[in-house]
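Novice: Kindly generate the complete structure, drawing on both the sequences and the hints.
Residue numbers (the numbering used here), protein chains in the order written: chain A, 29 to 521; chain B, 39 to 487.
Just so you know, these hints were derived from the structure itself, not from any lab. On a predicted model such as this, the values are computed, not experimentally measured, just so you know. The beta-carbon is built from N, C-alpha and C at its ideal position, and this holds for glycine as well. Treat the hints with care, as some may be off.
Heads up, simulated DSSO-like pairs for lysine-lysine below, C-alpha to C-alpha not over 30 Å straight-line [unchecked claim]:
| hint | chain 1 | residue 1 | chain 2 | residue 2 |
| --- | --- | --- | --- | --- |
| 1 | B | Lys390 | A | Lys131 |
| 2 | B | Lys191 | A | Lys199 |
| 3 | B | Lys104 | A | Lys192 |
| 4 | A | Lys192 | B | Lys186 |
| 5 | A | Lys42 | B | Lys390 |
| 6 | B | Lys439 | A | Lys199 |
| 7 | B | Lys104 | A | Lys384 |
| 8 | A | Lys150 | B | Lys438 |
| 9 | A | Lys150 | B | Lys49 |
| 10 | B | Lys49 | A | Lys402 |
| 11 | B | Lys104 | A | Lys199 |
| 12 | A | Lys239 | B | Lys361 |
| 13 | B | Lys104 | B | Lys409 |
| 14 | A | Lys42 | A | Lys483 |
| 15 | A | Lys150 | B | Lys191 |
| 16 | B | Lys292 | B | Lys191 |
| 17 | B | Lys191 | A | Lys192 |
| 18 | B | Lys324 | A | Lys42 |
| 19 | A | Lys483 | B | Lys49 |
| 20 | A | Lys402 | B | Lys324 |
| 21 | A | Lys384 | B | Lys49 |
| 22 | B | Lys390 | A | Lys150 |
| 23 | A | Lys225 | A | Lys402 |
| 24 | A | Lys42 | B | Lys361 |
| 25 | A | Lys199 | B | Lys361 |
| 26 | A | Lys327 | B | Lys209 |
| 27 | A | Lys131 | B | Lys324 |
| 28 | B | Lys49 | A | Lys131 |
| 29 | B | Lys361 | A | Lys225 |
| 30 | B | Lys47 | A | Lys42 |
| 31 | B | Lys191 | B | Lys322 |
| 32 | A | Lys131 | B | Lys439 |
Far from chain B by the CB rule (all over 10 Å, computed), these chain A residues [unchecked claim]:
| hint | residue |
| --- | --- |
| 33 | Glu125 |
| 34 | Leu184 |
| 35 | Val264 |
| 36 | His271 |
| 37 | Glu340 |
| 38 | Pro408 |
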Amino acid sequence: MTSQYRRGLVFNEKDIFSRGSAGRTGVDFADTGIPDADLNEFAPEDFRRNGLEGFPELSEPEVIRHYTRLSQWNYGVDANLYPLGSCTMKHNPRVNEAVARLKGFTGLHPLQPDTAAQGTLKIIHDLGRWLCEVVGLDEATLQPAAGAHGEFTGLLAIRGALTKRGNPRSKVLLPDSAHGTNPASATYCGYQAVTIKSGADGKIDLQELDKLMDENVAALMVTNPNTLGIFESNIVEAAKIVHSRGGFLYADGANLNALIGKARFGDMGVDVCHINLHKTFSTPHGGGGPGAGPVCVVKELEPFLPAPMVVESNGAYRLDYDRPHSVGRVHGFHGNVGVLLRAAAYILTVGASGLKEAAEAAVLNANYIKARLKDYYNVPVPGLSLHECVFNDKKQNEYGVTTLDIAKGLIDRGYHPPTIYFPLIVRGALMIEPTETESLETLDEFCEAMIDIAKTAETDPESLKRAPVNAFVSRLDEAQAARNPDLRCELCR
Amino acid sequence: MRFIPLTDKDKARMLEVVGAGSVDDLFADIPAEARLSRLLDIPAPMAEPELLDYLEGLSANNATVKPFNMYLGAGAYAHHVPVAVDQLLLRSEIFTAYTPYQPEISQGTLMAIYEFQTYTAALLGMDIANASMYDGPSALAEAVIMSKRITGKSRVVVSNLVHPNWRQVVKTYTRHLGVDIATVDCVEEGLSTAERLGSVVDKNTSAVVVQYPNFLGHVEDLKEIRSVCDSAGALLIVAVAEPVAMGALEGPGKFGADIAVGEGRSFGGSLSFGGPALGLFATKEKYARQMPGRLVGKTVDSEGREGFTLTLATREQHIRREKATSNICSNQALCATAFAMHVSFLGKNGLKTLALKNHSAVRYLADQLSKVKGFKLAYGLPFFNEVAVRVPVTPSVVNKKLAQEGIVGGFDLSQVYPRMEQTMLFCATEVHTKQSIDRLVSALSGFWR
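Specialist: Given below as structure tokens:
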């Protein structure tokens, strides 16, 4: 079935544990002039590892070939459009990589004295200031290692402030369109997650909020624009309701790419937000991470941010550990500093005008896709879209074709599919986010592929059910993977 | 702006298709009071050469020394990572990919992670491992929370020879989850003894937590500690801050650990002021569905060919939401891939040699330092690649003097254990040579002759 589509060489790569031969190695060690110690003295006999049975023995070229072949089985944003809604897969500038690899940055031990770390401390400090300016808030911590880590940190700060006021409260309100990390983070902070149903327009229902917002609610957590790609235009009103009853407004910054340089959370009444640097600020996501999730807050919440904080006086930077109200540490050292450097390099490259231009182009691109596809795919929620647009499979369902089939059909046409089946409130959702780094030609080609799928759904739905036939493997049995988990290779143990 | 391909002509055409008069019309839902009517107050754009010049200048404001002139460990270790690791990581199909939600076009990432899971589990002597956590400390915090989920008990007994920062992160994570942390002082012995732990463990204890080797570099007797756990029906959680030690030590699973976590940055990572780090998380097969984080599993495609996919996602936040085993979503996948690459280059023999080189270096350092007047090993215990040393003056004086020679000295242990006055933790690894260690020793001898 598949061979007719395969061209050139596609290697059927075996796992690394079934490669190599006894006696090979892929590293050499310098002669340090130090005599070998007696490992027998190092630990009691039962604790000494005599062999690493089953570990491979490979030369450098064999290892290089293995991972090069694996890379050929992968799709990255450098290959083509990666329109994953809510994930913001934009171009990863190469200069960011060069900067993060400067020896002066990579060789710095986290416990070196502040005086020896002025360069890194300055960039962490400055990035914090820039991010606060971007979101219109007062203070920042750059310790959280990812967006969800930031959510947890921000909610802990809220909890800290409320506890200081005399009552930590017990609940966090979340729209039903929220990212799954939001309720999970609320739980990790000891809060009960309470869902607010969105209105028919996909936005927060102010009446519903008014009903639920009481003196037991610590915060309302909002993603804005929300996961439907729609701006929560009630946000200023919502903030007033939340504040008038002593709660805080938390903004999930996952969709900041739509607003950067155009509008600021602080100006909407938001008290705390996290920012996914790997999204808006163009750092690569490497197959799932690392990211970085700085948190910005209003003044009242500043004392509760994790220690240490980077502080500056007279051009000298230091780590301030003297923070009696701090929620504590959320990272072993100072966060994903290498990611922070990449984000700082991006901001310095594009400047204020470039950030604004990015939001405008991202929003224009998404609206263009929406306009071109709206006659072919159902638009479940009306209204203006910002940086991402949501369709569903309602039209294609008439022919037995589902969102999953559409996604797999896109693979055969050379694209990474959009986010599927999210947000959960849209049945069979397809959430498309092109970002600003895509050209009009790419958008047109993508739209043609989507239109081709819509037409194929009517004429030959079975071919979509079989898709992908043009990928490295055909459709995988995910149910079996969950029923009989096989989570590691067998070693000769 | 060079990252945006749209020209004015493109924009005009697109606006026509969209049916909008201007790009600003698309932002009409944003209320006026929330709109920004000025440019952000951040620096003006820099062209690539300016940017490189600026950041190279900043990096030069860090007093970074050659790795062999640095003796700090304490949770972050200087190692040589083969150049080929970074070259491979820079293949854009690896680093510009996202979470492998579409397995048919992400087999490379998925297989690399499956192999990472295998390496992690095998090094730690456990059945299975996940696809990574943020860092060792957050992995430990999640392990503690998982132990409560498994046992239904809420008290956790933690040795104070677990890295202090790791203990702080555990405290932050568990503060509002009804977990009671009992910290046990084991500094006097330099080891977490069964007596000390046993006197604190009770029927309410969900887990006992120790570090292996511990914060002072000593090898904990996991067999004894396991029996303390058994007597109370508690789980054993073992934290590994320096996975290089696993090349010479049996993994904690061999001694019955229920959960083993670790910091993996030593393989494939750089110091970079402490991050990106790499959290390792491994456990017994029977706890697979209680584990936090992502998992990659092997399956078959519609034609019966082997393939890989994310699996057991029903435990995770995007499905279980507030009932999920954890809130972790982004992990450290690229660092996990680097870890697997580095371990692959080392292989069976390289791992063992690396461990031996590390231990030999610190053994030599310890022997030479012991000969300096006023310097004395703090414990008569075996250590891996770090050693606690009593010094004749305060550690800050020692380090200031070494700094004048361009040497970064050891960690001041009194910062963590106030009773350990004038005691420092020195680390040496495969990057240290006889010459560099001799230089350190002679610098110190010169001061206290």
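Novice: Please list, smallest to largest, the hint numbers that this structure does not respect.
Specialist: 3, 6, 7, 9, 11, 14, 15, 20, 22, 24, 27, 28, 30, 33, 34 and 35
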